[in-house]
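**Q** The lines below spell out each chain.
Number of protein chains: 4
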Amino acid sequence: MIHKWSTNLIPFGTASDRFCPAGFRPVISTREKILRAKQIPGLDGVELHYPAMFEDMDPAQTKAFLAEQNLECSIVTPIMAADPAWGFGSLSNPDAGVRRDAIRRVTESMDAAVTLGAMQVNLWLGQDGFDYPFQVDYRSQWRNLVESVAECAAYNPDVRLCVEPKLKQPRTHSLLGTTSRVLLLIHDVGLENVGCLFDTGHALFSYENFAEQVVMLQEKGKLFHLHFNDNYGDWDWDMVVGSVHYMEFLEVLFWVRQTNYQGWYSLDQFPQREDPAKALALSISAIKQMERLLDRVDESVLQKALARHDYLTVQAAIETATGI
Amino acid sequence: MIHKWSTNLIPFGTASDRFCPAGFRPVISTREKILRAKQIPGLDGVELHYPAMFEDMDPAQTKAFLAEQNLECSIVTPIMAADPAWGFGSLSNPDAGVRRDAIRRVTESMDAAVTLGAMQVNLWLGQDGFDYPFQVDYRSQWRNLVESVAECAAYNPDVRLCVEPKLKQPRTHSLLGTTSRVLLLIHDVGLENVGCLFDTGHALFSYENFAEQVVMLQEKGKLFHLHFNDNYGDWDWDMVVGSVHYMEFLEVLFWVRQTNYQGWYSLDQFPQREDPAKALALSISAIKQMERLLDRVDESVLQKALARHDYLTVQAAIETATGI
Amino acid sequence: MIHKWSTNLIPFGTASDRFCPAGFRPVISTREKILRAKQIPGLDGVELHYPAMFEDMDPAQTKAFLAEQNLECSIVTPIMAADPAWGFGSLSNPDAGVRRDAIRRVTESMDAAVTLGAMQVNLWLGQDGFDYPFQVDYRSQWRNLVESVAECAAYNPDVRLCVEPKLKQPRTHSLLGTTSRVLLLIHDVGLENVGCLFDTGHALFSYENFAEQVVMLQEKGKLFHLHFNDNYGDWDWDMVVGSVHYMEFLEVLFWVRQTNYQGWYSLDQFPQREDPAKALALSISAIKQMERLLDRVDESVLQKALARHDYLTVQAAIETATGI
Amino acid sequence: MIHKWSTNLIPFGTASDRFCPAGFRPVISTREKILRAKQIPGLDGVELHYPAMFEDMDPAQTKAFLAEQNLECSIVTPIMAADPAWGFGSLSNPDAGVRRDAIRRVTESMDAAVTLGAMQVNLWLGQDGFDYPFQVDYRSQWRNLVESVAECAAYNPDVRLCVEPKLKQPRTHSLLGTTSRVLLLIHDVGLENVGCLFDTGHALFSYENFAEQVVMLQEKGKLFHLHFNDNYGDWDWDMVVGSVHYMEFLEVLFWVRQTNYQGWYSLDQFPQREDPAKALALSISAIKQMERLLDRVDESVLQKALARHDYLTVQAAIETATGI
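Protein chains in written order, with the numbering used here: chain Y, 418 to 741; chain A, 418 to 741; chain G, 418 to 741; chain V, 418 to 741.
Next comes chain Y alone, as it looks inside the complex:
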């Protein structure tokens, strides 16, 4: 099965955080970031953040520049978490004016996604949630969210909204923490073009099994986009794939094929001290190696074992397949 590879361009940014606000790398232009991403073997596309990445080139110019590099835009990501005025939420903010601004940013991103041919935007609502117990009215917060997402979705039914769950950070509790919660939102909104962006790292630190979540989404037709990265199961460290977990990545790749996922394979890493292009390339090669390994295993052996919950046979079959 052929799929296309993408990455966001965050790894080529300064990689600043709370403790090292100066960052680990100098500021470079979007154009330069794209050129560096281009060095990653096999890359087909990039994720672009709106509006910050369109300051020098507008969406049409960006599309042309990407085409020169044989790249596409895989998804447009409206920046919903970087504005301190939206600190208590974007699409669910208690202030109607802030919600209005946030909706506008999403719809503008949808326009950009049309121009760029991506036809999908990433809704990660980092500021929508709460920090303390006894801080918010959960009823109005959820209703505001549902209404705002519905308004965005209705703006252009041809553009897919890929809602990305994340349990926490920057808020201690996100409004959309898990895949299941996103499915509840999708249900409450009730519009076809609302689906889910599944990020393996986010799932890991929600104690969600990748494959189970992917299958659950595919059964509902709602797996719109995939983010790959690894971590220790405790936090969104955005590490190289395969640096901590192995069997779970093998499994999700198996199920992505079984359920015939047609979308992008995209990377969302945060290499602060490593060479960005090298760190991203290593994730792609790790996944490709896992796919080759799966190709060596008799699928019917796996399916029979899964049908009787027989894990030992699965691990033994994979061990044998490595040939080591």
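A portion of the hints provided could be inaccurate.
Note: identical chains are not told apart, hence a pair may lie in one copy or across any two.
As the list claims (entries may be wrong) - Below, computed lysine to any residue pairings styled on SDA-like, alpha-carbon distance capped at 25 Å:
(1) K450 with R690
(2) K705 with T739
(3) K705 with A499
(4) K695 with E736
(5) K695 with D715
(6) K721 with R690
(7) K455 with L488
(8) K695 with A724
(9) K721 with A513
(10) K637 with I419
Treat the hints as calculated values from the structure; they're not laboratory data.
Since the model is a prediction, treat every value here as computed from it, not as a measurement.
With chain Y held as given, fit chains A, G and V onto it using these hints.
**A** Using the frame of chain Y, we list chains A, G and V on its own:
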């Protein structure tokens, strides 16, 4: 607001576990357990496990015995996790025969609930899930679950099925880990008498905020039963309420009132080394004290603060209200 | 018992993080930060970061300015984590030149601590650790750390080095993650003026009980400084004291008294969306209220209960003492 | 490098737990357990629990029986957690009489270890700790522990005490939670024959890196015994090696060699629903395959990379070595 207090009778059992299979207390009869629970000041009811607790007295006899003690049965809990033959699941087991047995246990429990006047059963499916990645076919597992629950629910629409999420244990991953996942099941089943049993301790170690989950359930009319206990946020330790967390319990009590919950307040603790009746009584008095504290706080102050996500005002108001 | 209250000045900074690099507040001078901290009722001192907070006023000038406000410097904190060149560690860096620079920063901070009369510095080594498994040579890393700390400690035996453990962040794994690990460092270094800064929040997300760690440190004479803040047990959220945990704070305050701790009570919070002075004041008033509550409980009742591991009596005694 | 393989015999027990007290397998004799363990390819020894496993055969008879099977006893494990009378601790119990009984069990186990030629016992003190905050006097608890361990160690300096840390379970907090805490105990006891049993699974859910802990122990000469098993980083699931983590196992095997560990490789798994011998054999073959993979990687490449904290080179070298 008046609500009724209940507890399950697990604390009066042997309290055995993996490391101390002999347990910490001798085996006593259900009758004796009920008499000991009766010593807890203010207790109105007990939860009963089916079939183990009906060996000496059948449901009708049990109802009469309870009535003599001025007690009711708050809910009947079919034992779904104690049979090794159901180790790979009860209602979702890959074997149709096991599923059939499991459904029968639920429907018999529903009959008992009718006889006892409880009119609700607790569905906690401890063995339904998986231990390893790459162990099960998630598609058939979920479909089996949905079909089985639907069959149970259809058996008697007057008896409520209270599905209880728990992230893990005994399996490393439960099929119904979170409140959101239970809501997805409820949606897929599509029958009125399927709802949720919300256990504060289970929510804590899923990193779910109590109050948010309770409000979410109440907005859908699906909060059927409440279990109280405390833990450190990492595991289902089933501790005395208020021994670790405080503000979150205050908050959930506030929202339980705001959303006009009419069901039981029930305890689910596991005191292994403590006096059971004393440990349970302490949770009830802790909750009652929290309710008295809430009574002292001006509700409009809280609501105004919640409307603008202003936590500091909430904590200050509560601090003042204590009078300490 | 009388103790002095202090805070670091981080809450008066921009509160920027990875997702909101612009921060939530404007940049203000150290002088202005001190004046704002002065608004916190009962504050006796401030923690100062070296060298960033001495750009406008040198240590002597700062001391004079503090004196005008009736404030002291409680501790000087060399900034060890903000320089990208130290990304692979400061005092344990594999590069001898970087270690040399890092040692110089510590000794200069020690000089500043002498001038300011604080006589202690805070060693929190945020970059010393690793992100990936199979990334470092643990033998040389630890040896480098021990040698560097020994060199710092020997520089001026009258200034106390307060080593602060933290399990993770910014690195996925810190070299000094837990109180026990710091005690092992103290042992390996073998110099009197090396001790521990105990941060309640850091302990919480290492699953360390506050009081146990404080007692362990006091038994070795190594509790040099105390940081108060709260979180959910999963991450260093640096929240208002009492917003999540309660009993554990009561307990640590009991043991701080029992073991006759003579140092500062200092705050280390990170209010991004709240008013900083108000958030800090709330922690102080929460702790003072807990102390008043403890004063109401018969100490001999507690000690008898602790001697027989009888928790229920402790909770009941505290409940009664509240008078609610 | 040649090392000997061992396992404990828990997998051949009933595998009962809190929820399935009947267990998943029938009770069989120790003799039968040994015969089943013998089916595991390449096994050289077994761990034996004292006194439960010596009811039918005394230590001398057991040694003879083992010799017939070409097996050794790798370590004797006194059962410290199964007696409800020791529920508040064994060697640290507040009651001097209980401590006396617990010491006797350890010294009898030491005698058995001499007879069996194992010359080492496993001290895992599952009941020593606390469940609630504000439950114990930490000062006397630690002093009791140090004195008891010292008395045991002095009983026979030729038998090694292998103290095994575990963060929690069955108590919510263990007295000896981490490797560092065990090293502090070793220091306080001050006797040569006290060291550490390092269990990879226990380390994982303390957020300890295997290799770092192993190196730390080897630098002090205190790595006495090794337990292998895997889990999700949250709890002691005692799973098949390699079913979740991979790179960390590769790394610890690298460092075990580098530091010239001479002891046993032993398994501590808890297969409840899987065939025990098959589950254990799979862990051994997984580790052996990892060792073969490490043999294919140029050691100097790894060492150069580790010296400069260059993880990407390590992962790339391993990926290449697989040949997949």
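**Q** Now, for every hint given, state plainly whether the structure supports it.
**A** Results for each hint:
| no. | hint | result |
| --- | --- | --- |
| 1 | K450 with R690 | within (17 Å within a copy, 32 Å between copies) |
| 2 | K705 with T739 | both (14 Å within a copy, 13 Å between copies) |
| 3 | K705 with A499 | neither (34 Å within a copy, 37 Å between copies) |
| 4 | K695 with E736 | between (28 Å within a copy, 14 Å between copies) |
| 5 | K695 with D715 | between (33 Å within a copy, 21 Å between copies) |
| 6 | K721 with R690 | between (44 Å within a copy, 17 Å between copies) |
| 7 | K455 with L488 | within (8 Å within a copy, 56 Å between copies) |
| 8 | K695 with A724 | between (39 Å within a copy, 19 Å between copies) |
| 9 | K721 with A513 | between (54 Å within a copy, 16 Å between copies) |
| 10 | K637 with I419 | within (23 Å within a copy, 42 Å between copies) |
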